[in-house]
Each structure stands twice: as structure tokens, then as C-alpha cells.
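Participant: Chains as they are written, first to last, in our numbering: chain A, 1 to 262; chain B, 1 to 262; chain C, 1 to 262.
Derived by calculation from the structure, the hints in this document are not laboratory data.
The model shown is predicted, which means the values in this text are computed figures rather than measured ones.
The reader is advised that the hints may include incorrect statements.
Since the list gives no way to pick one copy over another, a pair counts as held whenever it fits inside one copy or between any two copies.
As a list, the in silico DMTMM-like pairs of lysine to aspartate or glutamate whose alpha-carbon atoms are at most 20 Å apart [as the list claims (entries may be wrong)]:
1) Lys145 - Asp261
2) Lys120 - Asp67
3) Lys16 - Asp261
4) Lys210 - Glu173
5) Lys64 - Glu36
6) Lys218 - Glu185
7) Lys64 - Glu201
8) Lys28 - Glu40
9) Lys120 - Glu173
10) Lys157 - Asp67
11) Lys202 - Glu192
12) Lys157 - Asp100
13) Lys157 - Glu115
14) Lys120 - Glu12
15) Lys210 - Glu161
16) Lys218 - Glu130
17) Lys64 - Glu40
18) Lys210 - Asp94
19) Lys101 - Asp142
20) Lys210 - Glu193
21) Lys218 - Asp142
22) Lys157 - Asp94
23) Lys120 - Asp261
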Amino acid sequence: MNSNYILNGLPEREVKPRDRGFTMAMDKGLSIREVEDFLEVAGEYVDIVKLGWATSYVVPNLQKKLDVYRAAGIPVYFGGTLFEAFIARNQFDDYRRVLDKYNMTFAEVSDGSIEMNHEKKCGYIQTLAEQVTVLSEVGSKDAEKIIPPYMWIRLMKAELEAGAWKVIGEAREGGNVGLFRSTGEVRSGLVEEILTQVPFEKILWEAPQKAQQVWFIKLLGANVNLGNIAPNEVIPLETIRLGLRGDTFNHFINNGQPIIDA
Amino acid sequence: MNSNYILNGLPEREVKPRDRGFTMAMDKGLSIREVEDFLEVAGEYVDIVKLGWATSYVVPNLQKKLDVYRAAGIPVYFGGTLFEAFIARNQFDDYRRVLDKYNMTFAEVSDGSIEMNHEKKCGYIQTLAEQVTVLSEVGSKDAEKIIPPYMWIRLMKAELEAGAWKVIGEAREGGNVGLFRSTGEVRSGLVEEILTQVPFEKILWEAPQKAQQVWFIKLLGANVNLGNIAPNEVIPLETIRLGLRGDTFNHFINNGQPIIDA
Amino acid sequence: MNSNYILNGLPEREVKPRDRGFTMAMDKGLSIREVEDFLEVAGEYVDIVKLGWATSYVVPNLQKKLDVYRAAGIPVYFGGTLFEAFIARNQFDDYRRVLDKYNMTFAEVSDGSIEMNHEKKCGYIQTLAEQVTVLSEVGSKDAEKIIPPYMWIRLMKAELEAGAWKVIGEAREGGNVGLFRSTGEVRSGLVEEILTQVPFEKILWEAPQKAQQVWFIKLLGANVNLGNIAPNEVIPLETIRLGLRGDTFNHFINNGQPIIDA
């Protein structure tokens, strides 16, 4: 952990390679220099990068970008929508070849845009887990499709058993579906019920909005896994984890009681 | 069209130089390196760049920036508010000299901030069309000024007849006036009525918000002309055009029916 | 003032070094190249930079970043939350040493996250004023804590008397507390009452949202001091100050009456 000066009593942060408290950032079309800039500033704090949905199809700098992340030791994976785009076209084998072509070591399996038989989804997870480390995602991108908590739990458990390394709680780039209401408010009962059954380090919560990050950190501490973080929000997130921004300032010291300097 | 791998059955996209399906991006003060980065990533997908409103007055890198865009073959024009700033000061001839000084090949004529007699507006279009390619804009920046659909149509037709290359539907950077309600919601009846009378390739719809872009693409297809796109949203927009983001995923395949992988 | 062409009758802008009309920008984790890009574009228009809250604790490029700003002649200070983080841990002397270690010439004293006896706050201002130029901030980061206008005035006056160079009206990065309602709307009665008692050039208004900037500029003119401006919004703000964006277009010419070109 970097430290330009000493502040006493900060929460302990896991260091890399982290299994807890890791940050997944979303690259939705950065240039090579922008990737370098991002890594200069946040390389220490970001654990894995997602190339958002199927942006990898259109960006002209894909191979070079993967090289830059790789040189920095930060794994990259294609957004789940790309997996679904191949499935929807009956091109699963092509997808596996694309993963090989680009030497991908991680992949996401999701069903946010298509309806997928869950055994079939677990089959994809199992097959891909022989090739790469799999993150699987639960939750629809459709705000109308509300999955009840017991079902989230059942799906997450089955996907972990099928070989997923971690399961992702869906939120999109906007933070307004899946784990969240359309206003961005956390479905807190859902999250709490999931946590009674699924180990917290196995879950990666998509939480693009600041209020969502704050909510998870207050509930689960500095070392909760958070994802869909915009590149320029990784530093702000790190300060929230450490209680160094107003939102969590009082959470990590003085037993969470207001600080009074009288 | 770039393509890092093959996905079957994507909608056909026009290629440059495009008359349909083109993307206008808004530069509201990028540095030279930021312009280079933008072009590295999105140069293939952006057709024309607007220097937002009168930002060109204050940026210190104007000439150099124009040179970089020009070298990439991407035309640039000053936002309509600059035209209006000259008109409001009775400096139309000065404006024409500014266009020459910077070798501009495109210009916008608008009346979003001032009240302009429409014959006079068409006169400006006619005069400028002898010097440059003219985009003319319809719609007020004032959320209180609602122009009824028949009047939008009358204005657009007259401006095209006066020599405008395309007409722009106003939305501002925020996407909350003109074509849109203050909430950002599309005035869909207005758009549909306009399209009964004005050819769709002659219209450039300002649509800075994602939901607005999605709405136009669902109504008019991958090759609708969209503008006021933030530089870092050109790649995301391209994926929406291609049905490679959740929002339009089901629109372009399977006849728009949900994909079921059972 | 830069000027790529001549527009008549623009409001007069103060030039550097400005005591009125200055712009404070917030850097919440820029890379070195991003700082350079920011200064290329906006160096002429930005007067002082705040390293947001305690981001300086986690960024790995702190010393180098300070060097770049220094070379451009732009003073930098740490956000008030960092001061409070040291106070909350009873490390005020450590904070003073940090200011020396990094050769800081400005510092902020605030009590947005902790409750602080006001005499004690003024004591910190007095002590730090012997070491650096002090900005002190009034207003809580807690949306629930509403300070009545007479109290804002009393606090501001006392802090200026204690040695603060300017007082800051709190708004956060989001612009939704302190001077503003949770919707972002200005507490206009509060601002007007403050201005009956505190000289306008002694106040720096945090106003991160465009509508807030517009409100202050319409009330107080082109040369109001505004802060918490995102780096890429400094150019847009400058155009709003000059009446070169739709929002203030009619404010600075024609005695604020609509321009009619008939």
C-alpha cells in the first residue's frame, strides 16, 4: 500500500494478489495512453479489468491494449454481453477460439440479455473453466425482471459449484438494475439474504455509483469486492474503503461514533 | 469496419464517407493529446466534430487542434452559439472572416439563444452555403419554448431549401431541451411526425444520453445520424448501433424476439 | 486572456493573479499526463487546484504532480477532509509536518465531517496561517445538518478574522449539501444573506454543477469565485462567465433582454 504520510488507525487493506477487497474496473474504450495513465495512478488498487460488454468488437487497439494490461500484471476479461452475443448466434466454439486467440485467462458467463436454461449456463461455466478462470454473473439487465432472493442464492451456489471462481451481482454501467432499484438504491434485503448463504469473498458486487460503494463498504468493510468502477473512480473508491472521504469518515474510527474535537 | 473477430448477423453499417449512420461528437475543450487519443480509438466511427458552443473562443490550442482533426480527415465546425454570438453583436462579416481564417469547411447556423426572423435565418444559410457546407439547427435552448411539430417541419424544409446540407434537432449537451422533455425523455410524436415529411438522412439528431441514442436506433436502425456524442461515448454508441450492448441486443437478431437458449 | 478572434462587448474578466473571478479546480487523481493536458487547455483559467479530500494519501504520483502544478505557477492544496483526518486522530502536528514536507503554500481548514468547537477551529486557522495561506470552509457534508444563515455569517466572519484568506461555501464534489439542497438547487436566500455581511471577493463558492455556476454568475457576475470545478469543466465554465454559452448568452448583452434579429 502506498502511503505519502502516516495516518494512524486506518482499516487494514488486503494487498495484491487480493482475494478479498479487490476492485474490478471497467474499460469501455480507453486509448493506449489512457490505459497507461490509469495504471500509473491506480495500478496498485485495481485487480482486474473488464472490457465493457462487447466494446472489444469495435475498438481498434484491442491487442495492444491487452499487452499493456498484461505487462502491468492486471488480468482482463471480455464483458458477459460478448459471451451472450456469441451464444445468441450459436457460435460458442468461436467464442472459445477468440479467448485462445487473445490469450485470455479470464472469462465471464452471463445471461443478462438472453434467457438461458440454468443447467445450460452451468454447462458453459464448466466447459470454460477448463480453459480460463470463470466469473459468472447473476441478474438481468432488464429492470422489469426481478429475481427473488432465494433464487439469486440458488443460482449463485450452482454456478460456484459448476466451477465459477466468483459470482458477480449485476448492476450494469449505470447501477440501476439487478442488485439495485431503477433509482440506484440498493436492494438491501436481497444483499443481506445472499450473504447468509454465499461466502462474501466469492461475490463481486457491481457498484458503479458512489452511494452504492459506500453502502457496501459500510455493510461489509474495506475489503469487499466491488466492480464496474470507472477508471477515474478507482482512487476515490480507495479513499472510501479507507475512511478517507466524508462518506465513510466516521465509520472506521471512534467505533463509528461522530468525532468531536471540542 | 474494424473487426477483431467474427460475429454473424450484425446489422450492416455504412462506412466512411457516410451520408447515413454518421456520428457527430462534441469536443468541449480537449487537449491535443486527448484529441489524438480520441482519434486512435474512435477515428473510424466519428464523422464530424463540433467544437461545442463558443468554446473555440477560449481554448488556447485552437489552430493546432484543427490541424490534428484535419490530418485525420475529420471535418470540424464551430457550435451554433458562436454564430449567434457574432450575430447578436452585428458581426456577421467578422464571423465569415473567422471561418476563412481557420479554413473551416463546415459551419452551423442556429437560433437557439436568440430570436431570429426565419427569412433572415435562411438568408444566413444561403450566404454561408456559398462559403462552406452548412448545418442548420432547429429548436430552442430554452426549455420553455415549445415549437409544435408542424412548425419544426416547416422550418426544417425551408432551411434545407435555403442550402443547408443537413438539419440538426436541438438537444444541448445535456439532452433536455428541443427534441426532449426536461427529463430527457424523447418527444416521440414530434420525431415521428417530422419523419413523415423530412428524409431521414437529412436529419442529425442530437442525442447525448444513452437512452436517447437507444430510442433513435430502435426506431430508425443502426444507420441513424446522431450527434452531441461525448468523445468517450463514441465506442459505446457504436456497440449500440450494432446490437452489441444490452439495450439493443435483442433488437437486431431473431426478429427482435427474446433470445432463448434452452 | 486568450482570444482566437474578436467578439465585441464581452464582460471584462480579471486576469491572473486574480483576487476576484478565480476558479478552483478539483483533481481527484489525475495522472501526470492528464495534469499536463489540463494545464495546456485550462492553465490560463484555473487559479488554484485542490487535491480532493484525502486522495493525496493514496495517489502514487503526489510529489511529481505537485512539481508539475508548481512549474505552471498554480498553487495546490489538500482537501479539508485530509486536515480533518489528522485532527480526528489527534495528529495536528503531523499534518503541519506533511505541509512542510511537500512545501505546501496553501491549506484548508474545515469541519465538514467532524464536530469541532468553533474557537478551536479558529485556533487551527490562526496557527496554520503562520505557515501557509489558509482557506477555511463553512458547511457540513451531512445533508441533515442545516446551518441557519446568521450562523454561516458569524462563522465566516470569525474565520476571516482568525486569518483565513478566503472562506469556502461547502458543496462537495456532488453539489448537494451545504449551499445546496439535496436536489442541487441553490439555497438562494442563504447566499443573498451572506453577501449582505461578507465581502464577495472573500468567498469561494463551491459550485460543481453547471446550473449552480450559472446561478452564481447571473447573481454576481463574470468575476465570482467558483470552486470544485472538474478539470474538463474549466473551459465550459469560462464560456459561461463570458456569456458565450446558452445559459448566460442573454445575460451580458442587450441589458439582459432577449436578442432579436428581425
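Participant: Now look at each hint and say whether the structure bears it out.
Facilitator: Cross-check of the supplied hints:
1. Lys145 - Asp261: between (49 Å within a copy, 17 Å between copies)
2. Lys120 - Asp67: neither (33 Å within a copy, 54 Å between copies)
3. Lys16 - Asp261: Answer is neither: 36 Å inside a copy and 38 Å across each miss the 20 Å cutoff.
4. Lys210 - Glu173: Close inside one copy (12 Å) and across copies (11 Å); limit 20 Å.
5. Lys64 - Glu36: Classified as both: same-chain Cα gap 12 Å, cross-chain 16 Å, threshold 20 Å.
6. Lys218 - Glu185: Close inside one copy (15 Å), not across copies (28 Å); limit 20 Å.
7. Lys64 - Glu201: For Lys64 and Glu201, the Cα distance exceeds 20 Å both inside one copy (32 Å) and across copies (36 Å).
8. Lys28 - Glu40: Classified as both; 18 Å inside a copy, 14 Å across copies.
9. Lys120 - Glu173: neither (26 Å within a copy, 44 Å between copies)
10. Lys157 - Asp67: neither (34 Å within a copy, 51 Å between copies)
11. Lys202 - Glu192: Classified as within: same-chain Cα gap 14 Å, cross-chain 49 Å, threshold 20 Å.
12. Lys157 - Asp100: Answer is neither; intra-copy 28 Å and inter-copy 54 Å both fail.
13. Lys157 - Glu115: within (19 Å within a copy, 45 Å between copies)
14. Lys120 - Glu12: neither (41 Å within a copy, 31 Å between copies)
15. Lys210 - Glu161: Neither: 32 Å inside a chain and 37 Å across chains, both beyond 20 Å.
16. Lys218 - Glu130: neither (36 Å within a copy, 38 Å between copies)
17. Lys64 - Glu40: both (17 Å within a copy, 12 Å between copies)
18. Lys210 - Asp94: Answer is neither: 37 Å inside a copy and 30 Å across each miss the 20 Å cutoff.
19. Lys101 - Asp142: Neither: 32 Å inside a copy, 51 Å across copies.
20. Lys210 - Glu193: neither (22 Å within a copy, 33 Å between copies)
21. Lys218 - Asp142: between (28 Å within a copy, 16 Å between copies)
22. Lys157 - Asp94: neither (28 Å within a copy, 49 Å between copies)
23. Lys120 - Asp261: Classified as between: cross-chain Cα gap 8 Å, same-chain 59 Å, threshold 20 Å.
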